[in-house]
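A.B. asks: Here are the chains, one letter per residue:
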Amino acid sequence: MADYTIKVRRFQPESGEGPYWEQFKVELEPSLSVLDALLQTKDREDGSLAVRCSCRAAICGSCGMKINGQSGLGCKTQIGEAQELAEKKMGAVGGSAERAVVVIEPMGNMPVIKDLVTDMESTHWAKIRRVTPWLLPHGAPPEREYIVEPESMLDITQPMACIQCGACVSSCLSMEADPGFIGPAALAKAYRFVGDPRDAETKERLHDLAEDPHGIYDCTHCFACVDACPKDVAPMDQIMRLRRRAGEEGIEDPNSGHDHEIAFVKIIEKKGTLDESLLLQESFAPGIKGKLKPSKRAIKEMLGSIPTAIRGIKTGKMRSLPKLIPGIHHKLPDGAQDDVKAIYKHAEEHNEEFNLYIKGEEDVEPEPDEPTDAILGDEAAAAAESESA
Amino acid sequence: MGGIPTAASDFSPIASALVPTHDVLVIGAGLAGQRAALAAAEQGVSVGIISKVHPVRSHSNAAQGGINAALNPGDSWESHAYDTIKGSDYLGDQDAIEIMTREAPEEILHLEHLGVTFHRNAEGKLGTRAFGGASAARTYYVADITGQAIMHVLYEQLMKYSEQVARYEEWFSTALAIDENGECCGVVTRNVADGSMELFKAKAVILATGGNGQVWKPTTNALICTGDGIAMAYRVGAKLMDMEMIQYHPTTLAGKGFLITEGARGEGAHLLNAKGERFMETYAPNKMELASRDVVSRAEQTEINEGRGFPDGTVALDITVVPKKRVHEALREIVLVGRDFAGVDITREPIHIKPGNHYTMGGVKTDVDGRTDIPGLYSAGETACVSVHGGNRLGANSLLDTLIFGRRSGVDAASRAKRIEGSTPSKKVLEDEDAMIAEINSRAKGSGRRVSEIKLELGTTMDAKVAVFRDEAGIQEALEIVRRLKEETKTAYIDDHGSVFNQDLLGAIELGYMLDNAECTCIAALERKESRGAQYRTDFPERNDEEWLKHIDLEQTDDGPEISYSEVTITGWKPEARTY
Amino acid sequence: MSDGQIKVAYWPGCVSRGFTPELHGSMAIVADKLGIELVTLDRANCCGAGVIAEHNQELADTLNARTFALAQQTGLSMMNICSTCQGAQSECQQRLDADSAYRAHVNEALSGQGLSYEKGKDGFTNKNFLWLLVEDYGLDRLKAQVVRPLTGLKVGPFYGCYIVRPKERLGYGEHPDRDIYLEQVITALGGEVVEYDGARKCCGFPVITMNRETSLKQAGTHVGDAIDAGADCLVTPCPLCHLNLDMQQPEAAKVVNRDLGLAVLHLPQLVGLALGAEPKELGMSKHIASTGWVEERLAGVPA
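Chains as they are written, first to last, in our numbering: chain P, 1 to 389; chain G, 1001 to 1580; chain Y, 2001 to 2303.
One chain only, chain P, in its complex shape:
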């Protein structure tokens, strides 16, 4: 048993008061959870402390919250570890460890109803429904099951493992800046259907998700959802796979996301390292392989970036105006660029996606100086044999 202090962001909507902080003392084993600490407080001290919870085992998805600023599940975060993190954070900014308390807040990017209870309907569920979250098979089902690649089912079991807790939504840094972003949970759910060979509307889904300016190209690739997810769904990975699939379909999007991707890939093929000014231009007005066809948006964006560029030249950050004109960029030495091109040839031919979720880490052979039970067992057996012999 150990003593902890939890500091809870509270909001009692009927009090007429705004949100406030309240500290509670709890006493429990370090291996018990932050949710256990909250439940102990509710049971012993203040039954009005509101928190959604049910299974206590990270399967129902009720207790999404922020703990020391990190979005996750209260039931899956051990109080001892939360305390250590609080102390570490306090120490990093020069505070003393004794002052460190476990800070608990409602999830972010959602309105708060009461204490730790948020309105998931208007933020989370509305967006889930936005992606047409049900299977759309073609025609009548077969007499028995659909015959599909075994790996395809394993693959979409990853987004299927989502428990709709909202931790990723809470953590989403894109959504923080753009509340319209469809968001990590809904896009992971979308991949669950795009990746499902039984679904017949894959193309339509991809168009829908790519052509929405708040869709797949609105993700800032910050990994916050990957770390927040308690079920290893890796929502951002699913978003990147949606981009890959949309790219394969050649879908043009209003964010120029696909153009940006193609421009980047082509520049590295041509130059080996990134030429940022060329990237900017190509993202908006692709012309590396063909004619320049700048769209209205491209022209607007290009004009928008001119003040930035001029400032860059003034300070000497960009050496000269030609720096902004494609084609002047250092190249890799002595045929290294040909090596890069050879890699392109090989990889574009195979385009293999190595899915760690399906494959897992390979079993590593135990180090010889690190005896395992099995080895000991064999030795013991060998010793026993030699004895009997």
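In short, the hints are calculated from the structure, not lab data.
Cβ atoms here follow ideal geometry from the backbone N, Cα and C, with glycine treated the same way.
There could be a bad hint or two in this list.
[Unchecked claim] Heads up, simulated DSS-like pairs for lysine-lysine below, C-alpha to C-alpha not over 27 Å straight-line:
{"#": "1", "chain 1": "Y", "residue 1": "Lys2143", "chain 2": "P", "residue 2": "Lys88"}
{"#": "2", "chain 1": "Y", "residue 1": "Lys2217", "chain 2": "P", "residue 2": "Lys314"}
{"#": "3", "chain 1": "P", "residue 1": "Lys359", "chain 2": "G", "residue 2": "Lys1325"}
{"#": "4", "chain 1": "G", "residue 1": "Lys1324", "chain 2": "P", "residue 2": "Lys359"}
{"#": "5", "chain 1": "P", "residue 1": "Lys314", "chain 2": "Y", "residue 2": "Lys2254"}
{"#": "6", "chain 1": "P", "residue 1": "Lys88", "chain 2": "Y", "residue 2": "Lys2167"}
{"#": "7", "chain 1": "Y", "residue 1": "Lys2167", "chain 2": "G", "residue 2": "Lys1325"}
{"#": "8", "chain 1": "G", "residue 1": "Lys1324", "chain 2": "Y", "residue 2": "Lys2119"}
{"#": "9", "chain 1": "Y", "residue 1": "Lys2254", "chain 2": "Y", "residue 2": "Lys2217"}
{"#": "10", "chain 1": "P", "residue 1": "Lys341", "chain 2": "P", "residue 2": "Lys331"}
{"#": "11", "chain 1": "P", "residue 1": "Lys88", "chain 2": "P", "residue 2": "Lys7"}
{"#": "12", "chain 1": "G", "residue 1": "Lys1325", "chain 2": "Y", "residue 2": "Lys2119"}
{"#": "13", "chain 1": "P", "residue 1": "Lys359", "chain 2": "G", "residue 2": "Lys1125"}
{"#": "14", "chain 1": "Y", "residue 1": "Lys2143", "chain 2": "P", "residue 2": "Lys89"}
{"#": "15", "chain 1": "G", "residue 1": "Lys1125", "chain 2": "P", "residue 2": "Lys203"}
{"#": "16", "chain 1": "P", "residue 1": "Lys359", "chain 2": "Y", "residue 2": "Lys2167"}
{"#": "17", "chain 1": "P", "residue 1": "Lys25", "chain 2": "G", "residue 2": "Lys1217"}
{"#": "18", "chain 1": "G", "residue 1": "Lys1324", "chain 2": "G", "residue 2": "Lys1125"}
{"#": "19", "chain 1": "P", "residue 1": "Lys88", "chain 2": "Y", "residue 2": "Lys2154"}
{"#": "20", "chain 1": "P", "residue 1": "Lys7", "chain 2": "G", "residue 2": "Lys1445"}
{"#": "21", "chain 1": "G", "residue 1": "Lys1529", "chain 2": "G", "residue 2": "Lys1550"}
{"#": "22", "chain 1": "Y", "residue 1": "Lys2167", "chain 2": "Y", "residue 2": "Lys2121"}
[Unchecked claim] In silico contact screen, one side only, chain Y against chain P (beta carbon under 8 Å); selected entries:
{"#": "23", "residue": "Ser2100"}
{"#": "24", "residue": "Ile2180"}
{"#": "25", "residue": "Glu2183"}
{"#": "26", "residue": "Cys2202"}
{"#": "27", "residue": "Asn2211"}
{"#": "28", "residue": "Arg2212"}
{"#": "29", "residue": "Pro2250"}
{"#": "30", "residue": "Ile2288"}
[What the hints assert, rightly or not] Rough simulated footprint, nothing fancy, chain P against chain G, three-plus residues with beta-carbon under 8 Å:
{"#": "31", "segment": "1115-1122"}
{"#": "32", "segment": "1335-1341"}
Given the coordinates of chain P, work out where chains G and Y should sit on it, guided by the hints.
C.D. replies: Showing chains G and Y alone in chain P's frame:
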């Protein structure tokens, strides 16, 4: 109103007030409830589904291992039925078991067609795993998140059919409405978000609120599993059946009660005592770790009681014998449970486990179409007792039960709704519930015990006295404590007197449900003077078919539950000695 | 931590030789002052910044396998100076290290160049300068090198997403404090850490071409928060963050509709100042947001 897509078109003015009305009202939105709602909607009637938590929070999530069906060529429903009957220790009704096992393959295919991501074999067809008490590998699964995967797919369908099924998410039901003919015609429900009380009118009500695991502590069950539907039905005069039959799951984490799926043993994991012996050799030499759950739980408890367990009162589950790749593919969730809740890497070391409260075999007595004794009142899933599980449920039969009888209830309730006019519930039931809540709110702080204290005493009492091994003295003691707690509950106070998300108040109401469940279990456990399935009486260690091959039914009276008996339906499989 | 000579295979990345040349330059100065020998991988290629992986995962993995193999040819561990390189390369390395068959497949594409990426017994090490500074060089040793303590300078750390998430991939199991190294370095250099909301948030750069408004709102918000918390400057180990926080700062100010004007230093610049280098040689005049205030604050402290 956030979160509640109220079906505006279904609101029809009755008398002077607006009473929300549906043909069929489902209470509870786990697998049984969602399946019932979808099945009723398919019949073209208006459906409402009410749940005290958001549907995807329901406890069906926790079913890890899979769902049984004799779908493989070479397997047969008869074999599945026999295993189920033997598993039930011959207390299951064989007509109901026949229906369940015959309809199982079609249900699995239906789920597959809706989008459940079932595991495939190398040919891309549905693949199976082995499970306890089964004579063939007939468990279909999605890694070890089968319940979750199925439930989320059903919820996808509820979203798809939102025009046909109105969802009342986070509405807490407090009482059923019965008309002057004794038929069920509605329910009183509290909108958790704002505390408003609503009287719903319906031509049929289906109770699918899950089991009562929270009566025990620890339990694998979620905090929401407080026996609400069982108690609500009991309070309006419906019969309960087999309430003594409470399953203790063989592999739960000590202390926290978290579940380790039977799938682990299905994949080949061993049970070891502290001496490293695979002790199931003694108890079930043929099926070993895959004997019926009651058998395995008793074996473990015997090892622990006789001093061959670990000092923390456990034995060990050794998953390291399962190939790592297979664990990664099929037991992913358990790796997380081990890592996050026990600090154990199950791929490298055995994990300590013990039997723990898990499942309510008994419940509201129904026929094979979910009908209770009260016209218009239905029940399905763990709330109900059809009975397909009898004295002991086989692993991976619970999901099947929820779906088959959820669907059948939905269909039958819809046909009743089409047939009858329906009556308007009296406002008195709403007034009574308002008064009940006002009374709880009126109790002054310190006037009695805290609700949480009573819950804790109830849980630990039941786990100590009405668990794997039972005897008359212990059960009697538990019953007396339960009755004292019932009295104490009348003055137990709460802190929160508000309207918005008042979980404190709901907890007090749930405690009442739990105590009704507990009392019934004690009464039935005292009554059954034999050992069968999950009921093992150390003072009556043998099964006694002569006297006790019958169901114990309970009905509420002012003096507590009144006992009666009903026959076990036997169609073809005569009771035999049960060995594994 | 060791007192020994550190010699690394050095991958400067693309941006440090493009839009932020002052980063490459200041790293060279700082390495010299710290006695870290840099063997530049001048044949290596772009990490793909996550964008190439989004297009073709195998392509990204192979490109980075090539860089790793070039580093392995030198027999040295690798060091980078860009959070984004760290993240993108770690992601590819995780896949390459997970499976020998996949590694062999990728190495096929490299065999024509006489290259092969090997996981090796102890694994291949690729560290951002920040990690190397704390884990290999050591904070005490760094402290001992300080000739111009950053006394009174209030510094807001800005990590860049790719170096803090996902934790499991980025070695946080072994080095759990990697997300407070900037604070530790600032303190070791004598500066004062400023706590503000944006330290581990996204600068917005990855969507600057795709959703300019969102991108600049992110940058502007973080810079504004740091100013409100009293920061004299930000410090970042990521040149891409630098682009959005510094180069785009005037544009970001328009989006968040407030005055900004906060210096944003590259990590080697901050270290360099404390080691006695002059702002000009560290390329600070090339920044968009004036570094004048930082220079003024330090003017009183003799180098």
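A.B. asks: Indicate, hint by hint, whether the structure satisfies it.
C.D. replies: Results for each hint:
Among the hinted pairs, Lys2143 (chain Y) with Lys88 (chain P) is consistent with the structure: their alpha-carbon atoms are about 21 Å apart, no more than 27 Å. Between Lys2217 (chain Y) and Lys314 (chain P) the alpha-carbon distance is near 25 Å, which keeps this suggested pair within the 27 Å criterion. Between Lys359 (chain P) and Lys1325 (chain G) the CA atoms are separated by roughly 8 Å; this keeps the pair inside 27 Å, and the hint holds. Restraint check for Lys1324 (chain G) and Lys359 (chain P): satisfied, since their Cα atoms lie roughly 11 Å apart, inside the 27 Å limit.
Restraint check for Lys314 (chain P) and Lys2254 (chain Y): the C-alpha separation of about 20 Å stays at or below 27 Å, so the hint holds. The suggested pairing of Lys88 (chain P) with Lys2167 (chain Y) holds, with an alpha-carbon distance near 16 Å, which does not exceed 27 Å. A hinted pair counts as satisfied when its Cα atoms are at most 27 Å apart, and Lys2167 (chain Y) with Lys1325 (chain G) qualifies at roughly 24 Å. Of the pairs offered as hints, the one joining Lys1324 (chain G) and Lys2119 (chain Y) holds, with about 21 Å between alpha carbons and a cut-off of 27 Å not exceeded.
For a cut-off of 27 Å, the pair hint linking Lys2254 (chain Y) to Lys2217 (chain Y) stands: about 9 Å separates their Cα positions. Taken as a hint, the Lys341 (chain P) and Lys331 (chain P) pair is honoured in the structure, with Cα atoms around 13 Å apart against an allowance of 27 Å. Between Lys88 (chain P) and Lys7 (chain P) the CA atoms are separated by roughly 16 Å; this keeps the pair inside 27 Å, and the hint holds. Among the hinted pairs, Lys1325 (chain G) with Lys2119 (chain Y) is consistent with the structure: their alpha-carbon atoms are about 21 Å apart, no more than 27 Å.
At roughly 20 Å between alpha-carbon atoms, Lys359 (chain P) and Lys1125 (chain G) fall within 27 Å of each other, so this suggested pair holds. Restraint check for Lys2143 (chain Y) and Lys89 (chain P): the C-alpha separation of about 21 Å stays at or below 27 Å, so the hint holds. The suggested pairing of Lys1125 (chain G) with Lys203 (chain P) holds, with an alpha-carbon distance near 25 Å, which does not exceed 27 Å. Proximity of Lys359 (chain P) to Lys2167 (chain Y) is assessed by CA-CA distance (about 20 Å); at most 27 Å being required, the pair is judged to hold.
A threshold of 27 Å between alpha carbons decides the hint, and for Lys25 (chain P) with Lys1217 (chain G) the separation of about 24 Å falls inside it, so the pair holds. As the CA atoms of Lys1324 (chain G) and Lys1125 (chain G) are separated by approximately 23 Å, the hinted pair is consistent with the 27 Å bound. Between Lys88 (chain P) and Lys2154 (chain Y), the direct Cα distance comes to roughly 20 Å. Compliance with the 27 Å bound is thereby established for this hinted pair. About 24 Å separates the Cα atoms of Lys7 (chain P) and Lys1445 (chain G), which keeps this hinted pair within 27 Å; it holds.
About 12 Å separates the Cα atoms of Lys1529 (chain G) and Lys1550 (chain G), which keeps this hinted pair within 27 Å; it holds. Distance hint between Lys2167 (chain Y) and Lys2121 (chain Y) is fulfilled; the C-alpha atoms sit about 23 Å from each other, no more than 27 Å. At a threshold of 8 Å, the smallest CB-CB gap from Ser2100 (chain Y) to chain P is about 6 Å, leaving the interface hint in force. Hint on Ile2180 (chain Y) holds. Least Cβ distance to chain P is approximately 4 Å, under the 8 Å limit.
The closest approach between the C-beta of Glu2183 (chain Y) and any C-beta of chain P is roughly 4 Å, which is under the 8 Å cut-off, so the hint is satisfied. Among the interface hints, the one on Cys2202 (chain Y) holds; its C-beta lies about 4 Å from the nearest C-beta in chain P, closer than the 8 Å criterion. Hint status for Asn2211 (chain Y) relative to chain P: holds, with the closest Cβ pair at about 5 Å, below 8 Å. With a cut of 8 Å, the hint placing Arg2212 (chain Y) at the interface with chain P holds, because the nearest CB-to-CB distance is about 7 Å.
The beta carbon of Pro2250 (chain Y) comes within 7 Å of a beta carbon in chain P, closer than 8 Å, and the hint placing it at the interface holds. The interface hint given for Ile2288 (chain Y) is met, as the beta carbon of that residue sits about 5 Å from the closest beta carbon of chain P, less than 8 Å. For the segment 1115-1122 of chain G, the stated coverage by chain P holds: 7 residues have a C-beta nearer than 8 Å to a C-beta of that chain, and at least 3 were required. For the segment 1335-1341 of chain G, the assignment as covered by chain P holds, since 4 residues bring a beta-carbon within under 8 Å of that chain's beta-carbons and 3 suffice.
This entry satisfies every hint, going by the numbered hints stated previously.
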